[in-house]
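Make a model of the complete structure from these sequences and hints.
What follows is each chain in one-letter form.
2 protein chains.
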Amino acid sequence: MQLLKEMILPKGRVDSEDILKVDGFLNHQIDVKLLNEIGKEFKVRYKNESVTKILTIEASGIAVACIAAQYFEVPVIFAKKTESKNLDAENYESQVYSFTKDKYYKIRVSKRYLNSADHVLIIDDFLANGSAVLGLKEIVDQANAKLVGVGIVIEKGFQQGGNLLRDKGLRVDSLAIIKSMKPGNIVFESK
Amino acid sequence: MQLLKEMILPKGRVDSEDILKVDGFLNHQIDVKLLNEIGKEFKVRYKNESVTKILTIEASGIAVACIAAQYFEVPVIFAKKTESKNLDAENYESQVYSFTKDKYYKIRVSKRYLNSADHVLIIDDFLANGSAVLGLKEIVDQANAKLVGVGIVIEKGFQQGGNLLRDKGLRVDSLAIIKSMKPGNIVFESK
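Residue numbers (our numbering), protein chains in the order written: chain C, 1 to 191; chain L, 1 to 191.
Among the hints, erroneous ones may be present.
As the list makes no split between identical chains, a pair holds if one copy fits it or if it spans any two.
Claimed, not checked - List time: in silico DSSO-like cross-link candidates among lysine-lysine, alpha-carbon distance up to 27 angstroms: (1) 43 to 168; (2) 33 to 43; (3) 11 to 111; (4) 5 to 111; (5) 33 to 111; (6) 106 to 43; (7) 137 to 21.
If you're looking for bench data, these hints aren't it; they were derived computationally from the structure.
Since the model is a prediction, treat every value here as computed from it, not as a measurement.
Okay, here's the thing in structure tokens:
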């Protein structure tokens with residue numbers, strides 16, 4: 001997606017070999033106009049699928065998922081990372097490893113909101129090692145729902161997540177795939 | 001806001017004296033159509049203010065803030081609760097007490113994204129004791145930005161947050177104010 005790449009190039013900051021900061025428009029300050037274009041693009045790519053729910057994970061996936069959901073006219077569900085009095089007792093649960101925070105955490109979705117009739121599109125801001133998507137996929141599987149695909153804003157193509165998911169037969173649509181990056185130099189896959 | 005109240009009454013679940021679960025449409029599964037109406041209503045209420053940024057706090061404030069931001073045509077910033085390698089070193093920081101999680105946590109906003117030229121509208125899903133809004137207000141103050149007002153989806157009017165903020169001279173717009181609640185019975189303020 002050209003518009004997204006044109007935003008990443010001047011505004012993305014590569015701080016080390018594996019950290020790309022896009023907190024100016026995607027995951028701290030949010031450029032809602034850009035997210036609208038991203039949402040439209042996901043809809044174009046999944047226009048032939050009957051998506052009934054968009055599933056994401058707190059926190060930074062929520063923005064992309066909600067803006068995109070307007071074009072699909074379906075509800076969003078975001079998997080919760082933390083214990084809370086507000087959460088139901090009956091949940092689907094799985095485990096995710098966060099490299100940026102260097103820890104494992106549980107994620108949960110209430111059984112009220114996902115079932116075997118659902119066709120689920122997973123949406124997230126980043127795909128790196130694939131751990132978050134695999135955790136969300138496990139929740140979709142527990143609900144016996146159908147996983148239609150995975151919509152990703154930025155895939156770090158030099159990490160294993162994308163291949164891992166595609167090798168499992170999942171449909172993955174990443175709007176920008178980074179082939180390599182170092183401070184001052186971000187190279188995208190041409191596709 | 002009538003539409004919101006009509007959603008809370010059948011779908012909100014009062015589990016104890018102070019826990020109102022609205023995870024069917026607001027903070028776990030998200031009804032994006034409802035959020036659009038909420039966003040429009042905030043814009044109507046703040047149409048005479050020149051808002052430059054919408055500030056919220058992760059996680060469940062992000063959905064409301066992003067959908068509302070479409071009507072204001074401004075970026076959203078969400079304060080981060082957790083340490084992360086993705087966060088800048090230079091941040092505004094404050095402290096928030098969460099009653100639902102029963103702990104204090106730091107919140108942070110990068111100094112890159114908020115400054116003295118900004119007119120900030122704080123948006124959040126719930127107002128109870130007011131701790132989150134006061135934490136966000138402190139960040140706005142640290143940036144020497146102007147706090148235009150506080151837009152809240154559901155205010156628990158029987159807790160002290162609303163009065164606390166209004167007594168400090170803050171403008172608070174809550175779209176539904178709950179006067180009292182117990183299982184099976186939710187009563188709204190008439191205003």
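request  = Find the hints from earlier in the document that the structure breaks and name them by number, from lowest to highest.
outcome  = Hint 6 contradicted; others consistent.
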